[in-house]
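Build the complex from these two chains, which are given one at a time in their own frames, with help from the hints.
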Amino acid sequence: MSPTLNENPLREHSRILSVGHFSPDVIVTNEDVCQWIDSSDEWIRQRTGIESRRRADAQTQLIDMAEAAAREAVERAGIQASQLGAVIVSTVTFPYVTPSAAALLAERIGATPAPAFDISAACAGYCYGVAQADALVRSGAAEYVLVVGAEKLSDIIDNHERTISFLLGDGAGAVVIGPSDTPGISKSQWGSNGAKWDAIGMTHSLLDLRDIAVGAQDDPSMLAVAQTEAKLWPTLRQDGQTVFRWAVWEMAKVARKAVEDAGIEPSDLVAFLPHQANLRIIDQMVKELGLPEHVYVARDIKESGNTSAASIPLAMHRALEEHPELSGGLALQIGFGAGLVFGAQVVVLP
Amino acid sequence: MASTNEEILAGLAEIVNEETDLPVEDVQMDKSFTEDLDIDSISMMTIVVEAEGKFDVKIPDEEVKNLKTVGDAVTFIAKAQA
Chain Z
1 MSPTLNENPL
11 REHSRILSVG
21 HFSPDVIVTN
31 EDVCQWIDSS
41 DEWIRQRTGI
51 ESRRRADAQT
61 QLIDMAEAAA
71 REAVERAGIQ
81 ASQLGAVIVS
91 TVTFPYVTPS
101 AAALLAERIG
111 ATPAPAFDIS
121 AACAGYCYGV
131 AQADALVRSG
141 AAEYVLVVGA
151 EKLSDIIDNH
161 ERTISFLLGD
171 GAGAVVIGPS
181 DTPGISKSQW
191 GSNGAKWDAI
201 GMTHSLLDLR
211 DIAVGAQDDP
221 SMLAVAQTEA
231 KLWPTLRQDG
241 QTVFRWAVWE
251 MAKVARKAVE
261 DAGIEPSDLV
271 AFLPHQANLR
281 IIDQMVKELG
291 LPEHVYVARD
301 IKESGNTSAA
311 SIPLAMHRAL
321 EEHPELSGGL
331 ALQIGFGAGL
341 VFGAQVVVLP
Chain U
1 MASTNEEILA
11 GLAEIVNEET
21 DLPVEDVQMD
31 KSFTEDLDID
41 SISMMTIVVE
51 AEGKFDVKIP
61 DEEVKNLKTV
71 GDAVTFIAKA
81 QA
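Sequences listed follow chains Z and U, in order.
For the first sequence, full-length UniProt numbering assigns the number 1 to the initial residue and increments by one for each residue that follows.
For the second sequence, full-length UniProt numbering assigns the number 1 to the initial residue and increments by one for each residue that follows.
Hint data in this document are derived by calculation from the structure and do not stem from the laboratory.
All values derive from a computational prediction rather than experimental measurement.
Be aware that a few hints might be false.
What the hints assert, rightly or not - Here are a few chain U residues that face chain Z, going by a calculated C-beta distance under 8 Å:
#1 S32
#2 D40
#3 I42
#4 T46
#5 D61
#6 V64
Unchecked claim - Estimated spans, in silico, between C-beta atoms of each pair:
#7 Z:A58 <-> U:E18: 44 to 52 Å
#8 U:D30 <-> Z:S267: 41 to 49 Å
#9 U:E62 <-> Z:A141: 38 to 46 Å
#10 U:S41 <-> Z:N159: 18 to 26 Å
#11 U:P23 <-> Z:I37: 27 to 35 Å
#12 U:S41 <-> Z:R76: 38 to 46 Å
#13 Z:P292 <-> U:P23: 50 to 58 Å
#14 U:D38 <-> Z:G194: 34 to 42 Å
Said to hold, decoys possible - To give an idea of the interface, some chain Z residues facing chain U are shown, with a C-beta separation under 10 Å as derived from the structure:
#15 R47
#16 G240
#17 T242
#18 R245
#19 V248
#20 R280
#21 Q284
#22 V286
For each residue, glycine too, the CB sits at the ideal point set by N, CA and C.
Bound conformation, chain U alone (with noise of 0.2 Å):
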């Protein structure tokens, strides 16, 4: 089922925060991976497989590296739902 862009960031925060410890009012829309949250690739690819799995969908290795920000995690995930 859809979910709402809040409904994705909060789940994408949940799931940022047990691989990081970050807390879940640090993940917002505008931050970046790896320059405000200071995630390296591999935790990257750890939140991406968790995040396929809650929201049910499929984020290939080659559009990972065009998720810079949150937003667009939650962007992506928001279409592959659609």
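Excised from the complex, chain Z in its bound form (with noise of 0.2 Å):
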């Protein structure tokens, strides 16, 4: 008879423990903006909400951002960097195909060797890395989870394009999440649709770019018609009106879903979280899930912009920072983005 193996012992409830953030310097105004494209800072807050964006300058990279966010999360949580047993970090813009952003992070903040990997969900990278962690920690297979959404959106964006350059901002978010001994976490509403692949992306591959480049070492011009073209540096590019029918009456749906799969009635709810993608975006859904007047409601876009898997941790810090009361209610949380992909969840804020 062969010996029966060993499991990690299973843990029943997990949950956000602190909240860390990181938001750069660099204040880039709706008038800034408008150096770049034919509008105005009326044009953008009444189609965007937004106001201003943040930009990491050329010195702070994608890491340093989620160094920050990771190091006040930790510290929050009242653990040692040490104490973690898995790093996930979720973004977009970390200029490296491998090695990954989360085992340098994990380096940096004196986590190894735990367990480190990237997520690549785009806006909805921060839920899905939230996903991640509940299971790992209440399967046993982690005690503490760090989960960072970082973006440097800005080196990944064409100022003169006018589908979705403008609304983006970079910084990072992090929780981390722990045991917990009642649920903290409800079941997660994830998933993608890859038919509508081409929604949101880069303009081209790295092989494109690969291609020019071998291409400029016969014909020097064409590196000068590629930049002039904006087809050298791959950048963002999104179809907004697809996005925001999908976005609004699609995600109402995984949202209402996230709720009642929850358990609970959004009346119980003390917040709603969901991606700063577009502050009209977020009022339709708000309309849309009929969410009572009591539900703060975060608008973290006015003053940050998009950052993709940052916003949402950046948000619940900002909210929990304004509004210390809102501590230990529920907050429903949903991101939604390129992929297309989704990931939403109830949690009790830390």
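Written out as structure tokens, the structure reads:
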């Protein structure tokens, strides 16, 4: 008879223990943006709700922002980084295909040899990370898990295009998830819709960039032409109308299901923390969901812009700084973006 | 149940009024959504989704850009209902 294998002892519950953040110093106003695109402060505010966005300077790299947010989250959790059982970074802007940002982050904060990996789920990345961390903690695979959403989107935009670039900002948010005596993270509603793979994404691939570079060895003028046509460095684009429709009406269904599966009513929520994509999306979602007046709605986008994977933890951090009384209450968080992908949970706020 | 063009126009006018506060009488067949009614792309999507529910039709994303005037939308909805 073969021996019986040891397994991780299961845990019943997990929760978010703490949140950390980093917002870079450079404030990019709508007036600044209007140097690059033919628009106005009023037009941008009316269509997006954005008043300014924050972007990192050339010296501040994605990993620096991730580290700052992670250190704050770990400190606030009251643990040592060496106690982390996994380090997860959700990002689409780490400038290396491999190795991961997470392995470097784990080393920088003193979490080595914790398992470390990145998640590529764009604006849903943070919620994907929370789903993973919840599963890791409850399965007993890890006691504490660090989830960081970090983006330096200013590295992959073309300031002169007008579908998405003017919305975007840089930043990082982090949470530590650990064991709990009571349920702190509901069943995740997460998924994908690759039929709309083209709705948000890069103009072209790294292979296309390589081909231009190789071709330019024979014909240096190729580089100038590609640069002029914005075909050199790949940058982000979106089909705004398609994304808006999906983000509001399809995501409202996901949000409703997350609340329903959590076994609560919308009136039980104290906060709604949606991905900060566009204020019009947020306001329309609130309308579709019929959220009661008392529910705090995150509108961090006004000053932070859309920071993709960082936007929900940044919004959570602001919510708790400005309204500490929300701590311990239930928040619905939902991320959605390029893939298309989505993730939502109801969480107990740290 | 299929609606007449007049019923569709009246229904669309209500939806436009709800979304933009434009008077229902301004919503006429020959009016351009963008140029005459000053409806932006995001409001247009909201109007499309509301119209889908009201008239029980599907208006695909790729069709929305072809709906330049109120008349285009009325014609599309009438055909989709037929």
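Going through the hints against the structure:
1. S32: violated, 17 Å
2. D40: This hint holds: U:D40 lies near chain Z, its Cβ roughly 6 Å from the closest one there, short of 8 Å.
3. I42: holds, 5 Å
4. T46: holds, 7 Å
5. D61: Hint holds; U:D61 Cβ to chain Z Cβ min 5 Å, cut 8 Å.
6. V64: At about 6 Å, which falls below the 8 Å cut-off, the nearest Cβ of chain Z leaves the hint on U:V64 intact, so it holds.
7. Z:A58 <-> U:E18: 44 to 52 Å: holds, 47 Å
8. U:D30 <-> Z:S267: 41 to 49 Å: Given a distance of about 46 Å, which is inside 41 to 49 Å, the answer is holds.
9. U:E62 <-> Z:A141: 38 to 46 Å: The hinted range 38 to 46 Å holds for U:E62 and Z:A141, with Cβ atoms some 44 Å apart.
10. U:S41 <-> Z:N159: 18 to 26 Å: holds, 21 Å
11. U:P23 <-> Z:I37: 27 to 35 Å: Between U:P23 and Z:I37, where Cβ atoms are some 32 Å apart, the hint holds.
12. U:S41 <-> Z:R76: 38 to 46 Å: holds, 41 Å
13. Z:P292 <-> U:P23: 50 to 58 Å: Hint violated: Cβ distance 32 Å, outside 50 to 58 Å.
14. U:D38 <-> Z:G194: 34 to 42 Å: holds, 36 Å
15. R47: holds, 6 Å
16. G240: It holds, given that the least Cβ distance between Z:G240 and chain U is near 6 Å, below 10 Å.
17. T242: Z:T242 check passes; min Cβ-Cβ to chain U is 5 Å, inside 10 Å.
18. R245: This interface hint holds because 5 Å falls under the 10 Å limit.
19. V248: Interface hint status for Z:V248: holds (8 Å vs cutoff 10 Å).
20. R280: Interface hint status for Z:R280: holds (5 Å vs cutoff 10 Å).
21. Q284: holds, 7 Å
22. V286: At about 13 Å, which exceeds the 10 Å cut-off, the nearest Cβ of chain U leaves the hint on Z:V286 violated.
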